[in-house]
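K.L.:
So the chains spell out like this:
Protein chains: 2
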Amino acid sequence: MIDGFSAPTRRQILTAIGKTAGMAALYQAMTALGHAAETQFHGPPNLSGARNGASVIVLGAGLSGMLAAYELTKAGYQVRVLEYQARAGGRNWSLRGGDTYTELGGATQKVGFADGNYLNPGPWRIPHHHRTLLHYCKAFGVALEPFVQFNHNAYVHSTDAFGGKPVRYKAAAADFEGHVAELLAKSINMKALDAQLSKEDRERLLEALRAWGMLDHDMAYVKGLRSSSHRGYERPPGGGVNGAPIPSELLDFHDVLDPQVWSTMSFFMNYEMQTTMFQPVGGMDMIGKGFARQVSQLITHNAKVSKIAQSAEGVTVSYTDIATGTANEAKADWCVCTIPLSVLSQIDTQVSPEMQTAIRAVPYSGQVKIGLEFKRRFWEEDESIYGGISFTNQEIGLVSYPNNHFFQDGPAVLLGAFARDLGAYHLAGMTPEGRIEAALAQGSVIHPQYRKEFTTGASVAWSRVPWTLGCCARWTEESRKQHYQTLVGMDGRIVLAGEHASYVGCWMEGALLSSIDAITRLHKRALEA
Amino acid sequence: MIDGFSAPTRRQILTAIGKTAGMAALYQAMTALGHAAETQFHGPPNLSGARNGASVIVLGAGLSGMLAAYELTKAGYQVRVLEYQARAGGRNWSLRGGDTYTELGGATQKVGFADGNYLNPGPWRIPHHHRTLLHYCKAFGVALEPFVQFNHNAYVHSTDAFGGKPVRYKAAAADFEGHVAELLAKSINMKALDAQLSKEDRERLLEALRAWGMLDHDMAYVKGLRSSSHRGYERPPGGGVNGAPIPSELLDFHDVLDPQVWSTMSFFMNYEMQTTMFQPVGGMDMIGKGFARQVSQLITHNAKVSKIAQSAEGVTVSYTDIATGTANEAKADWCVCTIPLSVLSQIDTQVSPEMQTAIRAVPYSGQVKIGLEFKRRFWEEDESIYGGISFTNQEIGLVSYPNNHFFQDGPAVLLGAFARDLGAYHLAGMTPEGRIEAALAQGSVIHPQYRKEFTTGASVAWSRVPWTLGCCARWTEESRKQHYQTLVGMDGRIVLAGEHASYVGCWMEGALLSSIDAITRLHKRALEA
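Protein chains in written order, with the numbering used here: chain A, 4 to 532; chain B, 4 to 532.
If you're looking for bench data, these hints aren't it; they were derived computationally from the structure.
Mixed in with the good hints there might be a few duds.
Since copy identity is lost for identical chains, a pair holds within one copy or between any two.
Distance condition first, Cα-Cα at most 20 angstroms in a straight line; then the derived SDA-like pairs of lysine to any residue [said to hold, decoys possible]:
id, residue 1, residue 2
1, K202, H182
2, K189, Q199
3, K194, H182
4, K484, P248
5, K168, F256
Chain A with its partners taken away, still in its complex shape (with noise of 0.2 angstroms):
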């Protein structure tokens, strides 16, 4: 839990240390309380004491909507959540089957998942240091499990090396340390690097790099038992007679410098994706629900904003239930808007130009997403692959083994396309039945049992999603400099949240730490208003 029973004492002197002598001298103190900087989430905003019928009309029911109308009805305010579809959750979200998708262009999906199966077109993991998800997780009793993101076991495939062939991740990047490990060791015993390093630390180095890379008392990685404790055997130990290992052949390195290698490794490496990581038990929507059990009855549903206006004395709200076709107004004091920028730039919003510039800057991203189901776990049963992921150059990006009822017989579902840029935009130009067939063009590649164990598929592409026109807002450097800080800001009684008015883009966290902030603002402003 993140709310222990004597974390209080602690965040209490954190918080007074914040307050007395700023951030500079908080992270000071964590450090020497023994905490890395693990997150900018310190706790609940702990808002209180709205003025008497103070209100805030929050446009998009998705977390970071739900979030500030969860706290911000805490502080006393009058919420009303405004949401365009008849679902809470907005990005988080899973199909199931029976649900029916329709996406732009008029191509409409039955999901045909056997029972229990989904397929989490939107936020799909969540890493162990998104405390403010983890939190809210927990406090609205939504269940987690971990997410096995990093599997040594999985493949690295790409078609320029290997001959075309999926390798195991660890055999690539044991051949690609050990190689690099002997390189470097040359170069230190050829003196290229005495004017670098100290006698004693190339000492150090070479030890590190005969025991890191596995290499063999001439400090080559050479094929043997040695080399192959890493990546794998040709047949691993065993038992009684026939127990003896036998080593493995080592891969080309030719190869084993293919990017699909290093940037397998570097991915696995990256703080968003680093190990241990979660899901929900029972599909990443169970988080959108936890939510939504908290603040539903403050949500219209089917309501399509046309417009927001503002005055010096409130904002006003029209739109549509789109179920009635009945035109609306919706008042308030304040207005915390989630609508992702790619929809609000088509809305007519009162706020300054500098505003309406930053809103229309950001372009989004269109990821596409393919669930398949099969038969059986082969890869599981065939493969020993439990969870984790396998990256290919082809347009699928990957296929991503699920982490749930690990071993159980009956059809499972892996995410058999997580596909960006090019792929994407490829695959959202085709039918639903066309992107099916592409992932099992592509997945046959690495695993040839696809076609004889397939039953069923769905897929989502984010660019024809009809309430995001994209998946999530892609900031640049330069238009972060521009910006940023603008949209983030209050434009008089209007303020914007989710995962785009943050630095934790494309993550549910980013959305939540965004929301934290902009009520927070706004609270402080209402006050002094």
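Please build the complex by placing chain B on the supplied structure of chain A, with the hints as guidance.
P.N.:
Frame of chain A; chain B shown alone:
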């Protein structure tokens, strides 16, 4: 699952190839079918047709003994198991609140853990490629859950580096990789490796090093957002106005070369230690209990074997009922002896002089494990560590965090020591209370919360375990050469089995593979006899 619906067909093909064309062809075929050789397990032994009335006595009701009893009974043998302890499972063992354990020397511990908490003194994790164990867990209804072995956010601690303070694995590993990449790139650019590598491969390698090592445009590993995206931030990305991340300082390079850093990095690349790993839900002894459910009616408990004799006609085992002191004899046609060599070497056993020598040739290791219960999961709440292992060069060796009930309130048990070699020898010489104190003192260096949050602890020093006199067999390359084939060979009517009769020493998988190999040969011999 292991025995998939369509797996038999594939296995039948492979078995047929193996029988007709030998092992080399088999492995080639497996590779062609998309298999790497993950295991020497190719399904249960499928024995049948034992001679009418043929009997086997199995010594020891650990996993190898119980598997032998289970499969030999299925094959048609009359099987009886003699077990020294009142409990089946052997080293597959969990200590829970209410348990009492008396070690050699007489010290007795009454375990005080809260309900649901446990220490696994023996095996505690299952690699994904231990397919024999995974097969029987499924067959015997033992539920498994992920064991989070590798956690980027756990600590590396050395008394000789970083001022004696723990550092996060991600920071140490990122800095090691970054510096290695920078130094190798320098060597390449200084033309030190022109003779080793083609121009094309030098360019490929430079590109790889830049991306894998997070080097900047000048091929340097420096403080900045790029290195921080692997090693962690001073202030991580957040939301709203203060969302921008702040980069972290690099560790001192001399310290990054500390053996604790590279030995930890290498450890996690070890074949046996690679992700994904599992543990039984509810404690490791769920496996022993699962096996025992199959064969409990065959087991005589409290049976202390004093003599194993054989003749042309059969095997006679003399044993004492340690509950009543009664002397007994058991007779059978054949004997599978799974008694650890440390104990067997002290029993009068009628085998060849070569086998006698082999039995005495293998010393046993004496690991010490200490379980510590704390009032709350401060490692999760305060430090965002969910499962995984922090390594230290102190005698405790490591701190391993529980992999069940993440986020739960209330007391939890972590593994506060897994000591080996001299550290284990030292800790084994202490009283149980002294061991707890040592674990608290050393663990406090990593987690200052230890003293405040501690409730109770338990320890097992394997050199003092009365029924094994050690943890597991410690083969050397030399002793393998001299004695291994003798030890695993049939000696008249007796065959040995257990982890000591395998190349997967200290692992349950080795015990099971050894058992399958032993009983397969015993069955063949019995049919020929």
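K.L.:
Okay, which hints does this one fail, numbers in order?
P.N.:
Hint check: nothing fails, all pass.
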